[in-house]
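Student: Residue numbers (my numbering): 51 to 393.
One should not assume that every hint holds.
[Unchecked claim] Label-pair distances were calculated between CB atoms; the ranges are: (1) ALA348 to ALA152: 55 to 61 Å; (2) ALA147 to ASP273: 52 to 58 Å; (3) PRO285 to GLU318: 27 to 33 Å.
[Stated by the list, open to error] Below, computed lysine-lysine pairings styled on DSS-like, alpha-carbon distance capped at 27 Å: (4) LYS299 to LYS188; (5) LYS210 to LYS386; (6) LYS380 to LYS342.
Honestly, the hints are just simulated from the structure, not real lab data.
Glycine included, C-beta positions come from ideal geometry on N, C-alpha and C.
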Amino acid sequence: VTLDALLAGSDYITVHMPLTDETNNMIDEAALAKCKKGVRIVNCARGGIVNEKALVAALKSGQVGAAGLDVYETEPLPKDSELRSAPNIILTPHIAASTAEAQETVGIEVAEQIADLLSSGAVRNAVNLPSVDAATAKLLAPYIDLGTKLGTLVQQIAPKQIASLRITYAGKIIDLDANAITRSIQRGYLRRISDSVNTVNAPIVLQRLGIDAQVIKSSAPCDYSELITVEAVDPTGAVFSASGTILGKTNEPRIVGINGREVEVAAEGKLLVLENIDQPGMVGAVGTLLGKDKVNIADMSLSRLTPGGTAYMVVRVDTEPSEAARTELKNNPAIKQAKFIQL
Numbered sequence: 051v052t053l054d055a056l057l058a059g060s061d062y063i064t065v066h067m068p069l070t071d072e073t074n075n076m077i078d079e080a081a082l083a084k085c086k087k088g089v090r091i092v093n094c095a096r097g098g099i100v101n102e103k104a105l106v107a108a109l110k111s112g113q114v115g116a117a118g119l120d121v122y123e124t125e126p127l128p129k130d131s132e133l134r135s136a137p138n139i140i141l142t143p144h145i146a147a148s149t150a151e152a153q154e155t156v157g158i159e160v161a162e163q164i165a166d167l168l169s170s171g172a173v174r175n176a177v178n179l180p181s182v183d184a185a186t187a188k189l190l191a192p193y194i195d196l197g198t199k200l201g202t203l204v205q206q207i208a209p210k211q212i213a214s215l216r217i218t219y220a221g222k223i224i225d226l227d228a229n230a231i232t233r234s235i236q237r238g239y240l241r242r243i244s245d246s247v248n249t250v251n252a253p254i255v256l257q258r259l260g261i262d263a264q265v266i267k268s269s270a271p272c273d274y275s276e277l278i279t280v281e282a283v284d285p286t287g288a289v290f291s292a293s294g295t296i297l298g299k300t301n302e303p304r305i306v307g308i309n310g311r312e313v314e315v316a317a318e319g320k321l322l323v324l325e326n327i328d329q330p331g332m333v334g335a336v337g338t339l340l341g342k343d344k345v346n347i348a349d350m351s352l353s354r355l356t357p358g359g360t361a362y363m364v365v366r367v368d369t370e371p372s373e374a375a376r377t378e379l380k381n382n383p384a385i386k387q388a389k390f391i392q393l
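From just these sequences and the hints, can you work out the full model?
Tutor: Put into structure tokens, the structure is as follows:
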């Protein structure tokens with residue numbers, strides 16, 4: 051098979067050859083133009099066989115549908131390389147292990163790093179996550195748990211279509227590297243949308259959905275030593291939010307705000323979030339209805355701005371209310387909105 055025939059007929063092209071005068075820039079602009087539109091290119095052989103500038107241009111135009119590289123013309127890959135911002139490309143470091151002994155050593159190192167991740171949460175030498183030692187992983191663990199639940203909560207109170215997802219850190223937490231927390235919040239928001247979302251690809255999934263991801267570290271005073279607020283902003287500018295903090299010696303994650311209303315409830319389990327008219331009998335009515343439905347109340351938090359105005363009632367329950375009970379809540383004229391939240 052000639053090279054031209056291979057280029058024209060292949061859906062996937064992988065490179066397996068040394069870099070020589072003959073193979074240098076073998077897959078260049080002209081070669082890529084001969085390929086099927088949307089071809090996939092993989093080069094794990096030697097940098098320079100695939101011309102990087104031509105590949106970037108082909109990725110941007112769609113002539114190349116996707117590419118994967120672990121070898122580069124200059125290694126390590128320069129920070130300003132156009133490859134880093136090219137669409138639909140996976141870049142990994144060049145691991146050279148040509149002998150059996152070298153391959154065994156690399157395999158042992160990878161196994162040890164995976165064991166560290168599973169046993170202590172430590173991340174070493176990750177390609178697409180920041181490195182985290184065991185002590186830092188332990189420190190971040192309660193915030194990651196809280197962040198995941200805040201993201202999940204906001205996803206369930208916000209409309210399906212949002213324009214941006216804004217995360218604000220306040221208090222002592224601004225001194226931490228919050229990258230892992232941010233990713234956990236984004237994953238929490240997306241996990242009910244897609245089973246394939248994880249902390250690695252969550253930022254990319256948000257981008258593909260057209261959701262602007264914003265992160266703010268605020269030095270403004272707040273009522274808690276540490277506070278995380280997650281806001282989903284819809285295309286009209288309406289904001290749907292949840293705030294949380296870590297309390298006590300046991301680092302218990304707590305929800306301390308929903309849609310700007312001060313509440314306090316454990317960030318776990320099942321929640322009923324009710325927006326209702328502030329009038330006598332509301333707590334009793336909700337409690338009676340849940341009792342009839344054999345639903346036990348574990349915790350409750352009430353919030354209002356002014357007497358007789360709109361109030362919020364957040365009820366943590368042990369079991370999910372029946373559909374009939376939820377319908378009855380929604381049909382109550384004093385209840386403006388009723389949402390069941392699963393954290």
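Student: Each hint should be assessed against the structure and marked as holding or not.
Tutor: Here is what the structure says about each hint:
1. A hinted range of 55 to 61 Å for the beta carbons of ALA348 and ALA152 is consistent with their spacing of about 56 Å.
2. Against the hinted window of 52 to 58 Å, the Cβ-Cβ separation of ALA147 and ASP273 comes to about 54 Å, which satisfies the hint.
3. Distance hint for PRO285 and GLU318: a CB-CB separation of about 32 Å, consistent with the stated range 27 to 33 Å.
4. With a CA separation close to 14 Å, the supplied pair LYS299 and LYS188 stays within the 27 Å bound.
5. Between LYS210 and LYS386 the CA atoms are separated by roughly 19 Å; this keeps the pair inside 27 Å, and the hint holds.
6. For the suggested pair LYS380 and LYS342, the alpha carbons sit about 16 Å apart, so the restraint of at most 27 Å is met.
Hint check: no violations occur; every hint is consistent with the structure.
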